[in-house]
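*Asks:* Here is how the chains run, residue by residue.
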Amino acid sequence: MSDTADTKQMAYIAAQAADARVNLEIETEGMTLNIGPQHPATHGTLRIVVRLDGEQVISADPLMGYMHRGYEKLTEVRTYPQVTTLVNRIDWLGSFANEVPFILAAEQLMEVEAPPRAQWIRTALFEMSRIANVVLFLGDMGVQLGAVTPVFFAFRDREFILNQIEAVTGGRFHPNFDRIGGLKDDLPKGWIDETRGVLKRIRNFCDEIETLVVGNEIFQSRTRNIGVIPADIGLSYGLSGANIRSSGVDWDIRRDGGVGLVHNELDWKVWTHPDGDSFARFWVRLQEVRESCTMIEQILDGIPSGPVMAKVPRIIKVPAGEAYVETENPLGVMGYYVISKGDLTPFRVKIRSASFNNVSITPWLLKGVYVPDVISILASLYFILGDIDR
Amino acid sequence: MIQLSSHEETTEEEIEIPKRDDIREDLISKLKDDLGESLVATEIIAEVDVWARVTKEAWLETAQILLTRYNMKYFNFLSAIDWLPSPFGRDMDAQVDQPEPVTPEEMTWGTTGGETRFQLLARVHDPENHLGISLKVDLEDTDLSIESWSSIYPGADWHEREVSEMFGITFLNHPNPVKLYLPGDFEGYPMRKDFALLARRIKPWPGIVDVEDMPGEESEEDEVDA
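As they're listed, the protein sequences go chains S and P. With the working numbering as the guide, the letters of the first sequence map in order to residues 76 to 465. With the working numbering as the guide, the letters of the second sequence map in order to residues 182 to 407.
Worth double-checking, as some hints may not be accurate.
Okay, the calculated beta carbon distance ranges per label pair [claimed, not checked]:
no.	chain 1	residue 1	chain 2	residue 2	range
1	S	Arg164	P	Asp324	16 to 24 Å
2	S	Asp342	P	Gly365	48 to 56 Å
3	P	Ala377	S	Gly221	45 to 53 Å
4	S	Tyr141	P	Ile383	40 to 48 Å
5	S	Glu283	P	Leu363	43 to 51 Å
6	P	Pro356	S	Gly245	21 to 29 Å
7	P	Asp324	S	Pro349	42 to 50 Å
8	P	Pro356	S	Ala395	31 to 39 Å
9	S	Gly417	P	Arg373	15 to 23 Å
10	S	Glu283	P	Ala377	51 to 59 Å
11	S	Arg247	P	Leu379	51 to 59 Å
12	S	Gly265	P	Arg250	31 to 39 Å
Under 8 Å between C-beta atoms, here's a sample of chain S residues computed to sit facing chain P [as the list claims (entries may be wrong)]:
no.	residue
13	Met139
14	His143
15	Ser311
16	Gly313
Hint data in this document are derived by calculation from the structure and do not stem from the laboratory. On a predicted model such as this, the values are computed, not experimentally measured, just so you know. By construction, the Cβ of each residue, glycine as well, lies at the ideal position given by its N, Cα and C atoms.
Construct all of the structure, not just a fragment, from the sequences and the given hints.
*Replies:* As structure tokens, then:
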């Protein structure tokens with residue numbers, strides 16, 4: 076046995092010994108439990124090593140990297156239009172929304188602005204990818220807590236939204252439709268009317284979830300006062316999206332200083348919840364899906380006519396400079412810090428993904444909770460592995 | 182049953198707010214007072230963004246000041262930049278059999294300038310007044326270590342672990358300085374510019390990066406028609 080193996084062995088034995096002496100007063104023995112990397116409750120390959128004292132978590136240590144694809148490195152050898160294909164795969168459930176902040180950052184550096192019609196369609200697709208993403212969460216949260224029905228409703232109704240996205244972009248999951256200076260194509264004929272019908276379905280789905288899940292006594296007792304995040308702590312960990320709004324922070328980039336999208340021309344509301352627990356996070360997301368429906372309906376009514384593509388060179392060279400653009404994506408704030416040196420490829424792109432920050436709070440949050448609540452808390456934080464590992 | 186809504190502030194906001202770049206100018210002038218000599222360079226793009234570069238000694242203090250005096254409660258991200266021009270030139274992104282020798286380029290820096298190869302880049306945000314600031318700090322090649330922010334912004338913990346394994350920068354007083362993504366015995370720092378992207382070396386990539394004109398296309402078609 077080599078030296079390294081020996082030290083590893085020693086470390087393992089030491090950990091075992093430490094486990095066994097968790098609580099000397101009431102003589103309980105500790106235990107290390109591995110949740111993941113492949114576990115139905117982890118949405119991918121997140122592995123959490125929890126040390127337990129009886130049913131209580133003493134420490135939780137998420138281990139990632141099973142799905143790291145090195146996008147930040149790859150962007151350095153891809154042209155700007157090719158990068159959108161990459162970043163599509165970061166949050167794969169709401170992929171169109173991933174493209175938008177990157178395109179906006181490139182547009183900011185190039186000083187190009189998309190024509191109004193493109194901006195409106197962009198916003199509609201942006202919100203549709205939010206619906207496609209969050210609808211699945213609303214169904215999935217039930218499954219995590221033992222209610223299987225909602226997820227079937229979720230998959231059933233998400234299909235209609237995906238069909239609408241497919242009708243415009245040609246892709247169900249990875250549209251790759253956003254271009255620097257506008258959009259690849261205009262809307263197909265008859266799409267606007269069809270979408271109105273689909274939005275009605277989504278609203279019905281939200282009502283179903285409201286009665287099936289939110290009003291359910293078991294669901295409430297499993298989520299109320301579980302995993303409470305105070306606003307200040309959430310902010311210092313960089314939590315964003317519904318996770319921070321459910322802690323009472325009234326902050327939404329779509330309303331407060333967002334660029335490039337037309338949310339400020341629409342009439343809608345930012346929902347917050349004061350509790351900061353798992354229930355609040357679920358409830359805020361449910362309201363946000365409804366709010367997205369309201370937004371898309373207004374867009375369908377008010378969409379201006381005109382071109383969908385500005386005049387941009389066919390070979391895109393982005394002038395030297397630095398830009399940081401963030402948008403309110405389905406999972407939270409997503410931003411790209413793009414550094415250009417006037418080349419065909421970016422010099423460096425820092426991808427600020429929402430789930431990375433959202434999950435970084437788990438070691439703090441899971442300390443002291445009970446094992447079944449770990450699942451409820453992880454589900455309610457709602458992360459996508461591709462968004463953590465990038 | 183549950184009746185909750187956001188604060189409806191839209192009408193208040195419309196009355197009169199100072200122009201965004203006034204706010205940013207104000208922020209910078211206050212920062213100058215607070216940090217003094219430690220503030221090396223600043224840059225403002227009106228109504229878009231603001232940058233500040235500080236000295237390495239003042240890195241921790243800057244975070245403390247921004248959090249306590251400027252209400253920058255929101256930790257956005259922390260990362261690093263390697264300003265070395267890629268020593269591989271373009272042979273990683275184009276399909277070439279024989280990589281051509283690359284003439285070394287001069288190192289150039291971006292916004293707020295720089296003096297060293299590595300820079301840290303961080304961003305914090307004020308969630309109430311909707312103002313964010315990007316911060317940079319130079320790191321000497323001979324001493325790639327800096328104070329950790331995790332005592333001030335706990336969220337910096339994971340970001341610093343990522344920077345540490347990807348760029349080889351050491352964070353002092355970090356609570357848990359282990360690798361985040363990479364396996365424990367991984368050698369090298371993948372995000373450095375001189376770390377070859379091996380996948381490109383082993384297997385030629387069919388998508389040549391440089392877009393060439395289609396045959397028969399004139400230069401007037403260089404612009405996409407509306």
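*Asks:* Confirm or reject each hint.
*Replies:* How the hints compare with the structure:
no.: 1; hint: S:Arg164 with P:Asp324: 16 to 24 Å; verdict: violated (38 Å)
no.: 2; hint: S:Asp342 with P:Gly365: 48 to 56 Å; verdict: holds (53 Å)
no.: 3; hint: P:Ala377 with S:Gly221: 45 to 53 Å; verdict: holds (49 Å)
no.: 4; hint: S:Tyr141 with P:Ile383: 40 to 48 Å; verdict: violated (22 Å)
no.: 5; hint: S:Glu283 with P:Leu363: 43 to 51 Å; verdict: holds (44 Å)
no.: 6; hint: P:Pro356 with S:Gly245: 21 to 29 Å; verdict: violated (48 Å)
no.: 7; hint: P:Asp324 with S:Pro349: 42 to 50 Å; verdict: holds (47 Å)
no.: 8; hint: P:Pro356 with S:Ala395: 31 to 39 Å; verdict: holds (38 Å)
no.: 9; hint: S:Gly417 with P:Arg373: 15 to 23 Å; verdict: holds (22 Å)
no.: 10; hint: S:Glu283 with P:Ala377: 51 to 59 Å; verdict: holds (53 Å)
no.: 11; hint: S:Arg247 with P:Leu379: 51 to 59 Å; verdict: violated (33 Å)
no.: 12; hint: S:Gly265 with P:Arg250: 31 to 39 Å; verdict: violated (57 Å)
no.: 13; hint: Met139; verdict: holds (6 Å)
no.: 14; hint: His143; verdict: holds (5 Å)
no.: 15; hint: Ser311; verdict: holds (5 Å)
no.: 16; hint: Gly313; verdict: holds (4 Å)
In summary, the numbered hints that this structure violates are 1, 4, 6, 11 and 12.
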